[in-house]
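Engineer: Each chain, letter by letter, is given below.
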Amino acid sequence: MTEKTQLVNKIKNGTVIDHIPVNRGLKVLELLGSKILSKETAVVIINMISDTLDHKDILKIENRELTSNEVNKISLIAPDATLNIIRNWKVSQKSDITVPDILEDVFDCPNSNCISNANEPNISKFNITNKNPLSLTCQYCERIFSINELPSFI
Amino acid sequence: MCKIINSSRNMDVISIKDFSKKKIENFLVESEKMFEYLKNNTVPKVMQDKILGTLFFEPSTRTRLSFTSAMYKLGGQVLGFGSTESSSISKGENLTDTIKVVENYCDLFTIRHPEEGAARYIADITDKPVINCGDGGNQHPTQTILDLYSIQKLKGKIEGLNVALLGDLKHARVMKSLASALCMFKANLRLISPVGLEIGPNTLNDLKKFNTDIFETNNIKEGLKNVDVIYVCRIQKERFDDVYDAQRLQREFRLKLDHLTNINKDLIILHALPKITEISPEIDNTPYAKYFEQVYYGIPVRMAILNMVVE
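So the sequences go chain by chain: A and B. Letter by letter, the first sequence follows residues 1 to 154 in our numbering. Letter by letter, the second sequence follows residues 155 to 465 in our numbering.
The set of hints was computed from the structure by calculation and includes no laboratory data. Everything hinted at is true.
Straight-line C-alpha distance at most 30 Å; calculated DSS-like pairs for lysine-lysine:
id	chain 1	residue 1	chain 2	residue 2
1	B	Lys-362	A	Lys-125
2	A	Lys-131	B	Lys-176
3	A	Lys-27	A	Lys-131
4	B	Lys-177	A	Lys-125
5	B	Lys-340	B	Lys-324
6	A	Lys-125	B	Lys-176
Looking at chain B on its own, in the form it has when it is part of the complex:
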């Protein structure tokens, strides 16, 4: 029997820049509802007749599995692949043809692709809702919504907080998306990176349009003065030409316990994970470390996103 799939386009989630503050606040409100449904075991099975395609052309653990888990919890089904080796891409098929085929099998897409703008391009060629789970060094909007939700949940607000973004700000897509969203929510930014891995003048100029307080430094201790949130990201080794440079920075540019003397006692530390060496292991046992709670929030946030794109 031929299944008639509803092809009406509802919404794509491609870039955090596509959304107004009001829309992002809606995501946060809906995420909180999902959090409560999960806590009370009353999750509505709103995706019962839907199939999610998870097309991951690059490795992913948390994002792919959390979307899979979120879809199952909403009563839906999942198909897809987690590497190009297990798809026709390895035979030389282009992205356009892959999408034209897979769109017959599912009702919405989550996609991760190494080329920047891939998710936007896919949204141009298919009627099915597309959720960007990372396109090269560009955007990772669902991680940003998760990060904002985590800050709101753990600190009670976003506006007016001093948030330090620490690590490889040049290559980490998570940081660019988050910096932009935090400025939209009127948080103050402390941009802390090794020399040469700064966020870049074009992005910085873009952020300055929001008229929030932005401070850039290469010195960890200096950047952490009076901060409420530290968001750490790893050195993106895979995006370096010289792997030894990356390894040197992994050793040298780390958040250590002695950086946390004279800090706000209600400080929280977040990380999109996987973390490698950028946070000293002893910090995991401090009350500041909230990254594993942050991982859990990925489920209600992605349930909310799935529900909203097909609603």
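Next up, chain A with everything else stripped away, as it sits in the complex:
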């Protein structure tokens, strides 16, 4: 048994997000929001030695498979992370997290005067206009935002 596996136990069912850039593991957990923080068992491993990166963070969440919206959200701060779905102690699905071209209903538009924040039955929609450095354009108000301007990411 290696030192890595001794640090945190395997999970029977749930999600493991691997290859998170160092120091962003807690931010990823925070982005997933209060549902996970209050109901699920989760552990963040910080500054783990990595074969491919120098160091990395890892997030394990027990008994919870992430929705595509949640994965999209994570992709904005951990675009090269990998997503592992664990079922009955085994990796059932493994995929790279990629930044999508369009983000729908992931977070509110930072522009308080945008129609997507008004009392209308609509959702926020962003086009990813640049992936590195990341910039997003609101489909409604057409304002361009960098990642640091999104309230959830500050």
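Start from chain A and add chain B according to the hints.
Structural biologist: For chain B alone, kept in the frame of chain A given last:
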């Protein structure tokens, strides 16, 4: 008798960014045809069986009246409102419900709304063509088409011209739309604004993608060197937190007659109007002032737009 309204979607005019240069050129060609029809009194009544809904949730004089006039000239009819006080919005109805009601009464919409993206949202929820007449500080595409038409008509071309955009470039939607379109047409930009009212880094980066010559300054005299067109906009007082700041800039940041020494003799000055204090009144009497001609061009341009969205 129930009137069957053709609900097939033809085209929306939401943002100038939605259109290719070729499409905008089509608008200009069609506008020129309408100009000639008006001159020769041979306007085809192509909107005879159509009703235009003019939904103006914010004040407007020129845009609303020019669309109304354009619709009448094409043989169509107009209904709508010019303020929220005269609609159910004042009772608390949301925009979605208002549109779901009014779409039963008309064949196409012109809309002005204080919230940015409102026109795009309406286009998402109705099958009727939607023309954006201003959504907050975002877009005013028909004004941009009118501005391009005015420059083309008065200067004979757009490409290669040095165009100064002067005024509140931070808040004026007209300037953002126009700057983007001018870059598309390979005009060179001189962006002249008071300190703090610059066009903003995100928009500037967007403009730079067109690889045209862009020069930014806070100094009017410096920005006007060798320009062919000056496009002036007012300080957008209603978008300021501190009204005294706006009033100070209205007094200080003005185009004056002495700025026009050593300029190109065939210079033209345009303005979307209403102008407040940003152009000294004595400039109105110079041959450079073309803003009242520009207002007239609003009729053929909007006739062309109406015709093209339902064509």
